[in-house]
Amino acid sequence: MAFDEMHGRGRSRRCRTPYRAMATWLDGQTSEQLTTRRQQAEALFHRTGITFAVYGTEEAEERLIPFDIIPRVLSAAEWRRLAAGIEQRVRALNAFMYDIYHRQEILRAGRVPADIVIQNAAFLPEMLNVDPPRGIYSHIIGVDLVRTAENEFFVLEDNTRTPSGVSYMLENRETMMHMAPDLFSRNRVAPVEQYPEELRATLESVAPAGLDRDPVIVVLTPGEHNSAYFEHSFLADRMGVELVEAHDLVSTETGVMMKTTQGLRQVDVVYRRIDDSFLDPLAFRPDSVIGVPGLFEHYRAGRVTIVNAPGSGIADDKSIYTYVPEIIEFYTGRPSILKNVLTWRCRRPDDLAYVLEHLPELVVKEVHGSGGYGMLIGPTSSRAQIEAFRAKVVADPARYIAQPTLELSTCPTVTDEGVAPRHVDLRPFVLLGDRMRLAPGGLTRVALKKGSLVVNSSQGGGTKDTWVLED
Amino acid sequence: MRIVVEHRTRYRYEAPAAYSAQLLRLTPAVFDGQKVIDWKVDSQPATPLREGRDGFGNITHFLTVNRPHEGIEIVASGTVETADTAGVVAGLSEVVPLAVYLRHTPLTEPDAAISALAEALPASERVPWLHALMAAIRERVAYVTGVTGTETTAAQALAAGQGVCQDHAHIFIAAARQAGVPARYVTGYLFLDDPDHAVAHHAWTEAWVAGLGWVGFDAANGVCPTEHHVRLAAALDARYAAPIRGMHRGGAGESLAVEVKVQQTTPQQ
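Just so you know, the protein sequences line up as chains A and B, in that order.
Its first residue numbered 1, the first sequence is counted upward by one per residue in this note's numbering.
Its first residue numbered 1001, the second sequence is counted upward by one per residue in this note's numbering.
What the hints contain is simulated information worked out from the structure, not anything from laboratory work.
Check the hints yourself; a few may be wrong.
Reference excerpt, derived from the structure (chain A facing chain B, CB under 10 Å, subset only) [unchecked claim]:
(1) Phe123
(2) Pro286
(3) Gly294
Cβ atoms here follow ideal geometry from the backbone N, Cα and C, with glycine treated the same way.
Please put together the full structure from these sequences, using the hints given.
Here it is, written out as structure tokens:
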């Protein structure tokens, strides 16, 4: 049986300390009341969606990821330990990126096989010898964690390029406070609403050196057809900065300029939500129409900062993931605080043989896939599905890694059958600039289907408010 | 040898363009085999050129024209003193770890035919092996213009059996990297005693040989670069080393004219 965030493991069903106040509150709710609250929450989301939307109802509908009104709770002590592990990881991954885009000491030392970096599509040779402000490549990171026991947390993935979901963290909290103010008076929950301000402070802290004015920041979006457009506009709005598309910007001799009614205005920091290859047709894909010609050239020269840096995807590549513990030791001299999930690399013949023998027990992922696509979850798959996947792995082993199926912890969730345990993960959001800023908690994703381990919103996952209790 | 270069690139638009941006790699490198006596890059309409360096250490110029214009002309010109170093490129400041030059790129991704070409060469020391590779490529791919384009891959060119200097260089690079030899694409100019000869703007490769460093191989001509070669930029492939990368908004009906004059001159006292 999986570890339950509220009741722990085993039959005692004793409520864990961080959940005491919540349990009392839950006991006082009838299932009708819970259902009503859930509907109210959905209506609230709907309204916010439309308020923020520059687009119509149809897309607003689309971005309505189900929200569960029972929060996920972490104690202050639990959070401190996670935070230390996350901080260590984020600093090491940034040191790794500085190194591989400069002298490549870690490759020379043979601690990470050179070809995994050099031949990686996420490694951008264009970034060689670029010196980003403060030496930071990934300023905004989402670390995906799962829990399997009281003291067992594992990192599933480091999202170092353009992690999304932080708008849900903020909205979930707002909605929860609106829905159940009584709950917040019974618990001291660490606030998260300062996130946009902290994001802004982080972006300002990596502006080009020597500015004699406040840095001008923009959020660069591919446009309203992008699935995360809501978040782009939400964050720009909350930070009080402009949301721009490529045609709002133009490179001149001086730098990257924003077209305004008062003429051109120089931009200092671009928080981009478009992929590396589309950033600048002069440096990357020449056919990109959502990028800004000259953006990269000005970035290289230190006249504008791109956040996250181009090429920061190398640190969350699944083939690099397996080396993160070595990376942490190499740059910090200390063992990794957070554990990686044991991973078999199918590119290695021994690993491949093991994986093919144990497919029904394993989770097999595409090295370059994301979002829960292109993966096999052995225990919940039919024989036919497993065999079909086996053929794919045999055909191109290097494309796959495999991991044991982790029994993700569960959290009480409002379902059609009443309150029932559902599997959850956790994505804390980290900001790195002049200092590290970690939003307490993050985004909890929940697999709404009974028994399901897939929490991705594209595959029927929902979200929960995530609490870190203050001491 | 003292060589004078004048390289004109002229873009014309039937309808004026509203905006243009270009990144140029049109400045010769300085190393033991090459001194730059004087060099300049100009543009018309006149616009400030911002000098910089790309990730491979090549000198770049960035220019933008943010007003209606009917065309752009780029002129790179100057005088370079070259020496024959038997292809060895020494004294260049190297800013990129060697291992990076093993990276396969979309234009230099080896296929089975390229691997076979490399494997069929007799095992030998690295320098003779590279010469054998150069000879094999010349034999398999005839110098024919108009068959391949700037986006043609090494594999496509080898399959076609025809191509230009870019294709010879890409095949050489693909095969060398596949064999574990760091290799890079080089752009430049070629002085030819016969002034009517069409090819003045040129491309070749450099491969890493332990003990010697970077050694040039001009597969299109079957020689190591001589004092007739003026070296501009080097990078992973033709796209990374492109002398000009540009874009424009508006400006329908683009036409392009390139004129390269490469002449020998005598040093003036």
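Original post:
Can Phe123 of chain A be said to touch chain B, with a Cβ gap under 10 Å?
Top reply: holds, 8 Å
### Message
Take the shortest C-beta to C-beta distance between Pro286 of chain A and chain B; is it under 10 Å?
### Response
holds, 7 Å
The hint names Gly294 of chain A as touching chain B; please verify it with the least Cβ-Cβ distance against 10 Å. holds, 5 Å
Violated hints are absent here; each numbered hint is respected by the structure.
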